[in-house]
Amino acid sequence: MMTRQQLLDLYFLEARGKLIEVAAFLDRVERGEGEADFRLAELRRAVTILSRPEADKARQVLMALSDPTTEPIPTATTKGACGAWPSGGN
Amino acid sequence: MRYIEPHAHMVSRVTDDYQDMVTSGCQAVCEPAFWAGFDRSSAEGFRDYFAQLTEHEPKRAAKFGLPHFCWLCINPKESEDVKLAEEVLALIPRFLERPSVLGIGEIGLNKNSRNELKVLERHVDLAARCDQLILVHTPHLEDKFKGTRLTLDALRGDRRIRPERCIIDHVEEHTVRMVLDAGFWAGMTLYPETKCTPARAIDILDRYGQERLWLNSACDWGVSVPLSVPRTALEMRRRGYSAERIDQIVYQNPRAFLSQCPKFHLAS
Ligand SMILES: [Zn+2]
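Chains as they are written, first to last, in the working numbering: chain R, -7 to 82; chain V, 119 to 386.
Treat the hints loosely; a few may be bogus.
PhoX-like cross-link-like pairs, simulated, lysine-lysine; straight-line CA separation at most 25 angstroms [unchecked claim]:
hint: 1; chain 1: R; residue 1: Lys71; chain 2: V; residue 2: Lys195
hint: 2; chain 1: R; residue 1: Lys71; chain 2: V; residue 2: Lys236
hint: 3; chain 1: V; residue 1: Lys177; chain 2: V; residue 2: Lys381
hint: 4; chain 1: V; residue 1: Lys181; chain 2: V; residue 2: Lys381
hint: 5; chain 1: R; residue 1: Lys71; chain 2: V; residue 2: Lys201
hint: 6; chain 1: R; residue 1: Lys10; chain 2: R; residue 2: Lys49
Over the 10 angstroms line for every Cβ pair with chain V, so calculated as not near, a few chain R residues [stated by the list, open to error]:
hint: 7; residue: Leu0
hint: 8; residue: Phe4
hint: 9; residue: Leu5
hint: 10; residue: Arg37
hint: 11; residue: Arg44
These are calculated hints, taken from the structure and not from any lab test. Glycine included, each C-beta is placed from N, C-alpha and C at the ideal position.
Bound conformation, chain R alone:
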């Protein structure tokens, strides 16, 4: 297991860069026109997970962007996935 110092040396700049990308992306969307779909609200909700203390944040972000239901859907009408699920805040 590496030390915190070693991990910072290895990954800090990369993480910093990705965080700024997310911030710039949110700014870009806010400057855009028209209505946003549910993905924006879901991403914002997922971002709040980053300030939680426990070392389980990647799993929690993935869960926040996942379909939590358990029943198969009646029919597949598309093939693609969009990366978020409209939880409506629940």
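Starting from the known structure of chain R, arrange chain V with the ligand on it as the hints suggest.
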């Protein structure tokens, strides 16, 4: 370094990729049947694809000294049409006898629909009847968690299926535990944007150990990196993994799983 690429769609790649993989230490490549990026118009399209996977592609790989193996199925993206799926399922048994076919895959779910689940269960039945290994694709993005759960239920619902003979691919932080806890093998796919990055795959190895886990590039016609397994091995070195441990993960683990099929053998 030596490694096995257990999941790559080489029919979509160029010969430079074969050259790079062999130069990087690849000892064998395994190719699951998958979606072509468009729907095939009939079962005959699958017959041709299975011939490509079992006849043509092994010859292309052999030009670079690389053993090529494959898995057969109708993929979940084309499984909504149950009639087509049944026609394709009927074609598979005669191909299973071919010398480079390792089992049934990559089966699974895409949008988690009832028909996809029905076709998944038919594949599981075929694998059980023909005593085949199983390779499962889990869905993309928001559909992965639900689809992994439904898939595990389907596999556990068939008493003939032994978890140690099934690999559940494309796991991430939210699905790896349920797969390993149920006794299955888990595959981590290294993609630049979706699925796992090298750093996250190593995080999962740090947390869950290295038993019943493998790495793959799943390189295909989309954004993907054929050398992502050896590049992750380099990242493991940066993270302090010993050469023995890296070899265990990128070579010995896939060899152990795949060797459950007597047709899998390496040149050495
Ligand atoms: Zn694949």
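Hints, verified against the model:
{"no.": "1", "hint": "R/Lys71 / V/Lys195", "in the structure": "holds (6 angstroms)"}
{"no.": "2", "hint": "R/Lys71 / V/Lys236", "in the structure": "holds (17 angstroms)"}
{"no.": "3", "hint": "V/Lys177 / V/Lys381", "in the structure": "holds (17 angstroms)"}
{"no.": "4", "hint": "V/Lys181 / V/Lys381", "in the structure": "holds (20 angstroms)"}
{"no.": "5", "hint": "R/Lys71 / V/Lys201", "in the structure": "holds (18 angstroms)"}
{"no.": "6", "hint": "R/Lys10 / R/Lys49", "in the structure": "holds (15 angstroms)"}
{"no.": "7", "hint": "Leu0", "in the structure": "holds (13 angstroms)"}
{"no.": "8", "hint": "Phe4", "in the structure": "holds (12 angstroms)"}
{"no.": "9", "hint": "Leu5", "in the structure": "holds (13 angstroms)"}
{"no.": "10", "hint": "Arg37", "in the structure": "holds (13 angstroms)"}
{"no.": "11", "hint": "Arg44", "in the structure": "holds (14 angstroms)"}
In summary, this structure violates none of the numbered hints.
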